[in-house]
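Visitor: Here are the chains, one letter per residue:
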Amino acid sequence: MYGRDQIISKLGIQDWDETRQNEAVEMATLRIGDAFIQGLTDAQLNEYEAIVNDHTDVIDAWLAQHVPDYKESPVYQEFEAGYHDDPEKNNPAKLFASIAWMQLNAPNAQPVIDAALAEYKQELEAEN
Amino acid sequence: MVERSSESPRPAETTGASVGDRLPPEQQQRAYEVAQQVAETRAATLTLPSPEEMDLEHSLLPSSVRVESAPSTAEQVPVHRGTTALAEKALEQSAPEPERPRQPRRSRGQNSGQHAGTIHASGSQAHSQGSSARHNRRLDQQIQKLENLLDSTEPAAAPAPVAEVELPAPQPAAETAEAAPADAEPAKKQSYKEFEKQQQEVWGANDDIKPEDIPENEMTWDEYLKHRPAAEDGDIMHHNGRAYEAKTGYQVSQEAYKNHMYDKVQSFEYRTDQNETHTLEAAHDEALKDNQEFDKEASETVRRITEGEFIVNKDPKLSTILELGEELVAMQSKKTSRSKAEKLAPEMAAKESIIKDLLELQESKGADPRALEYIRNKVLRPYENYGQKPIEGKATFNGKEVKILDLTETPRGGKVYDIELEDGSTESVFSHQVEFQREYPQAEKLKGLDRLKAWFKKEAKSFREFGGAAYFAGKWERVRQGFKDKVLDYGVTEEMSDTEKEKKRRRNRVAVIAGASLLAAGAVTAIGFGIAGAIENSGAQETLANNPDLGAGAAGSEHDLNKEYWATQAGAAAGAEAGGADQLPLDGTNYDAMDTGTPDQQVSPDVLPPIPAEVFNIASGQGGEELFRNAGIDPSQWYAYEDTLLAQFPTDFYRMEGGHVGLAHTGMLSQGAQDFINSIR
Chain B
0 MYGRDQIISK LGIQDWDETR QNEAVEMATL RIGDAFIQGL TDAQLNEYEA
50 IVNDHTDVID AWLAQHVPDY KESPVYQEFE AGYHDDPEKN NPAKLFASIA
100 WMQLNAPNAQ PVIDAALAEY KQELEAEN
Chain D
0 MVERSSESPR PAETTGASVG DRLPPEQQQR AYEVAQQVAE TRAATLTLPS
50 PEEMDLEHSL LPSSVRVESA PSTAEQVPVH RGTTALAEKA LEQSAPEPER
100 PRQPRRSRGQ NSGQHAGTIH ASGSQAHSQG SSARHNRRLD QQIQKLENLL
150 DSTEPAAAPA PVAEVELPAP QPAAETAEAA PADAEPAKKQ SYKEFEKQQQ
200 EVWGANDDIK PEDIPENEMT WDEYLKHRPA AEDGDIMHHN GRAYEAKTGY
250 QVSQEAYKNH MYDKVQSFEY RTDQNETHTL EAAHDEALKD NQEFDKEASE
300 TVRRITEGEF IVNKDPKLST ILELGEELVA MQSKKTSRSK AEKLAPEMAA
350 KESIIKDLLE LQESKGADPR ALEYIRNKVL RPYENYGQKP IEGKATFNGK
400 EVKILDLTET PRGGKVYDIE LEDGSTESVF SHQVEFQREY PQAEKLKGLD
450 RLKAWFKKEA KSFREFGGAA YFAGKWERVR QGFKDKVLDY GVTEEMSDTE
500 KEKKRRRNRV AVIAGASLLA AGAVTAIGFG IAGAIENSGA QETLANNPDL
550 GAGAAGSEHD LNKEYWATQA GAAAGAEAGG ADQLPLDGTN YDAMDTGTPD
600 QQVSPDVLPP IPAEVFNIAS GQGGEELFRN AGIDPSQWYA YEDTLLAQFP
650 TDFYRMEGGH VGLAHTGMLS QGAQDFINSI R
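Chains as they are written, first to last, in numbering that gives the first Met the number 0: chain B, 0 to 127; chain D, 0 to 680.
What the hints contain is simulated information worked out from the structure, not anything from laboratory work.
The beta-carbon is built from N, C-alpha and C at its ideal position, and this holds for glycine as well.
Take these hints with a grain of salt, some might be off.
[Stated by the list, open to error] Here are the simulated lysine-lysine pairs, DSS-like style, with alpha carbons at most 25 Å apart: (1) LYS9(B) <-> LYS500(D); (2) LYS483(D) <-> LYS452(D); (3) LYS452(D) <-> LYS120(B); (4) LYS485(D) <-> LYS502(D); (5) LYS483(D) <-> LYS120(B); (6) LYS9(B) <-> LYS88(B); (7) LYS452(D) <-> LYS70(B); (8) LYS483(D) <-> LYS88(B); (9) LYS456(D) <-> LYS483(D); (10) LYS452(D) <-> LYS88(B); (11) LYS9(B) <-> LYS485(D).
[As the list claims (entries may be wrong)] Here's a subset of chain B near chain D, in silico, CB distances under 8 Å, partners left out: (12) GLY2; (13) ILE12; (14) TRP15; (15) GLU17; (16) ASP33; (17) TYR47; (18) PRO73; (19) GLU77; (20) HIS83; (21) ASP85; (22) SER97; (23) MET101; (24) ALA105; (25) ALA108; (26) ILE112; (27) LEU116.
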């Protein structure tokens, strides 16, 4: 799986200035997500959208069913620890649930990610 | 006699944890596969000739030194004594050094009492089970080789060439003293170029670093180890806490090498356990930060392996043991079915027992531990791991949990799992079709915690940004002011209606967050924190295992939420179409807040809530399609119900000039109309 640097490397845009790189990473993230949600059922998309929209009832219900002890997770604890430094004060449960949901629903998303990045890379190369 | 006491530690214990011990099960499996490939190649050239090929009948040997079959029922089998011409011939053909010292022939009586004299029951019992003559002949050969090795009185110390290359690791004092002649010259400091030449003689040319690429300043062994490829084809590598099989090597790039930027750039191509191939380039200093501990361990492993291999290659006895082991590993490739595996099991068990005895014997004689470890890792570790469940954790096939029954190898080295499906039926599938959900041991989890924190430090900021509201607020504002925004406007065309544009932008917003979540989920999983970890801790594994909705069906029928509902709330609250684009919820923060709604408006996954009252508060210009969209109903359904609505609620609706029905007034619809619309969802 890739972080920012790996995406830049995958796209072959190491030589770009930071502003353009950021834009490309942003667009790459969109492309990856867009490719992924195309494969979701309506129900899955609704559930995920409700989570990212911070519908606390949905988040709580989902976590209660799938990760009841989520507060014990180091991932959640890290989100909680970063809450005070988060200028937006994102709900740690929302952030955790959005990752956990992906882990359960997209256990092997690497091909989707690679394909989306490869397609976007081709577009970038054609543009430049 | 060398007694194998119950108090005396096993070889692996005496030499500390071996490389294989430290590897997780799937890496051991990988290591086995790599070793197997090597063994298959080498076995073709190194397998000892059969007794027939050695012309036993016409041998000049006296009958007293002919090979005998081992007794079939004895608990412990006395090793046949006496160096035989047959054994010598075997060693001549298998040992790489023609000038290797030969042992003087001894009679059986001369040898008795000098060396370990037992092969343990596992070998003899297994031997008794194999009844074929061929089996006996092969086993006899191994015993003969054992005899020959047992005849040797000299410990397998590190040979002189190893000392010449100035190996950095200290050798055991006694061993060094024994191996080095009294008048031996002090170890000469060897240059890289000299060493590289020597290595090429042993390993073949190194295609990764050409001699002309080597800087003029000569390198020592330590420098060589630092800069030579850290892995070769098939080696198991780590990155971000995952194990990969290196495909083309993990190496300092030529360009970086030329520029003396050894520690700046690394690149390697690797193949994952999912059989996917990727190329990864990373700044070396970053990689070091990412996993300093592994780099250190990898370097140490490479050093010990290269040294071990060097020593083994120079020692005829150890080379013979290695060949025996490689034959054992090669036999595993013949286990292409359960029945074949059962037939081969006795012979393999006997061979394994012999190899272990030989290694133990060599260890007791002071053989170099690096060489012994090399042999164990090269052949015994893969062998012992074979047939075990290769990866711990839950296995899934087509998204459904399955039980692994057996693992077999195809003649070309592919892996095939026999699996049991949920309905009890069985099936054979290729390994890449089965996914394993790894369960990380506690030690890995602790290691992963540091990596998790590092990930948060570096990447979580951008994840929060995409998941938050402020980032999108700025984008919505740009669009509201008439500017194009690449991300929000991706896929938005001029031909779209404002509503369609808005819908697409909202979808793009979800897509960005989904993309960020997907990347984050992968990163977090890679460093060892999956959902399974939390569930394991909560003791709720049973719940997970029994949940048929897990995975692709996570949002199953119980969660069959209306797809449009969430968009509807925001759209309705904003008065979407009726108020025009200026009234759309373009401020991301407000959008989120409106999207969230009040607690009594929110739904539980199981119960569809009533349509929020504000949906029925009709704004100026709003049409029937938009009303249905806001209510979470497919807008195209409006035309199926418009006549009914007009007939039942004529105060709320009217017939337009075009023939369709429109909303007769702004403000709240009648309660009857609200109830009707609630009922048709």
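Visitor: Of the hints stated earlier, which fail here?
Guide: Of the numbered hints given earlier, those the structure breaks are 1, 2, 3, 6, 8, 9, 13, 14, 15, 20 and 27, listed in rising order.
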